[in-house]
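There are 2 protein chains.
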Amino acid sequence: MPMARKIDEIDMKILKLLAENARYTYKELAEKLGTTRQRVSRRMDKLEKSGVVIKYTLIPDLNKLNHVHVILGLTLRPTVDLDEVVEQLKSIDYVKIIEKTLGSHSLIIHLVGPNDMALTEKMIRSIAKEIHGIDKMDITFVTEICKFEVI
Amino acid sequence: MPMARKIDEIDMKILKLLAENARYTYKELAEKLGTTRQRVSRRMDKLEKSGVVIKYTLIPDLNKLNHVHVILGLTLRPTVDLDEVVEQLKSIDYVKIIEKTLGSHSLIIHLVGPNDMALTEKMIRSIAKEIHGIDKMDITFVTEICKFEVI
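Chains as they are written, first to last, in numbering that gives the first Met the number 0: chain A, 0 to 150; chain B, 0 to 150.
Hints may be right or wrong, so weigh each one.
Unchecked claim - Quick list of the computed label-pair ranges, beta carbon to beta carbon:
(1) A:ASP80 with B:GLU120: 29 to 37 Å
(2) B:MET116 with A:LYS89: 28 to 36 Å
(3) A:GLY33 with B:ASN114: 23 to 31 Å
(4) B:THR78 with A:THR24: 47 to 55 Å
(5) A:PRO113 with B:LEU32: 31 to 39 Å
(6) B:SER49 with A:ARG76: 42 to 50 Å
(7) B:SER40 with A:LEU101: 22 to 30 Å
(8) A:GLY50 with B:SER40: 26 to 34 Å
(9) A:SER49 with B:PRO113: 14 to 22 Å
What the hints assert, rightly or not - Here chain B is said to cover these stretches of chain A; the calculated rule only asks that three of the stretch's residues, wherever they fall, bring their Cβ under 8 Å from a Cβ of chain B:
(10) 26-34
(11) 83-94
(12) 121-133
Just so you know, the hints here were simulated from the structure itself, not pulled from any lab data. Predicted model, so just to flag it, every value in this text is computed and none were measured. The beta carbon of each residue, even a glycine, is placed where N, CA and C say it ideally should be.
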């Protein structure tokens, strides 16, 4: 893992503001921080290049879009090559989020698809079939997002 | 649950572009869609008001910020009032994400805190102690985000 560049207090303030609303303009950020647009923009460039910012995105209410959101907690056999499994999962379009984890699960993945039980079952069974070395799969359906903050 | 307003193809295109990069300007979105800034802005207003957009945010690499990211899968006793538990959790600052779920877990929550094992243990134990009716708690530490898409 590459060492992180030193993140100072102003960086943290910028990150927290963008976590609150990623669409704040440079002007709005500069006003909130009492600095200039140029300074904000320069710092954001650095934060983006250093990999601290994975992405700016929107969090949708998938129910309102008539989509299902399933979280699978996968426990893999200890001998399995985790990176190989990750590469395999990355190429599956409906696998939206992949997190490497330690603890109860080896991987947590999020599936998103049309709100149709037969299709949902197909997605889940296809993961179970195609990924070798799954010891246990915890299946959880997200019904409501009650809080969403990141830092 | 209130009925969603009809989401058409152009709405979906806007949402997908913003999911890809929430910082696209109205101008950039309009160019990508072959329409005007005014039309994009009007549609985004509607999508925001309808609750389809929960928020625009950044996804940080918490490791690089020297933070830990823990996902707890909580299984609650069937008699527990889920909404009461959610309200209790909402007020805890280090509980960043709360999702109501069906299946292996009744709730999935994300904790974020300083990268310190003693503090992390304290956060987790405090949840276990303060929230009544937890039958089972799956504890998972996120070590790497390998893919992050939303729709």
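Against the structure, the hints:
no., hint, result
1, A:ASP80 with B:GLU120: 29 to 37 Å, "31 Å, holds"
2, B:MET116 with A:LYS89: 28 to 36 Å, "30 Å, holds"
3, A:GLY33 with B:ASN114: 23 to 31 Å, "30 Å, holds"
4, B:THR78 with A:THR24: 47 to 55 Å, "49 Å, holds"
5, A:PRO113 with B:LEU32: 31 to 39 Å, "23 Å, violated"
6, B:SER49 with A:ARG76: 42 to 50 Å, "45 Å, holds"
7, B:SER40 with A:LEU101: 22 to 30 Å, "44 Å, violated"
8, A:GLY50 with B:SER40: 26 to 34 Å, "32 Å, holds"
9, A:SER49 with B:PRO113: 14 to 22 Å, "19 Å, holds"
10, 26-34, "violated (count 0)"
11, 83-94, "holds (count 4)"
12, 121-133, "violated (count 0)"
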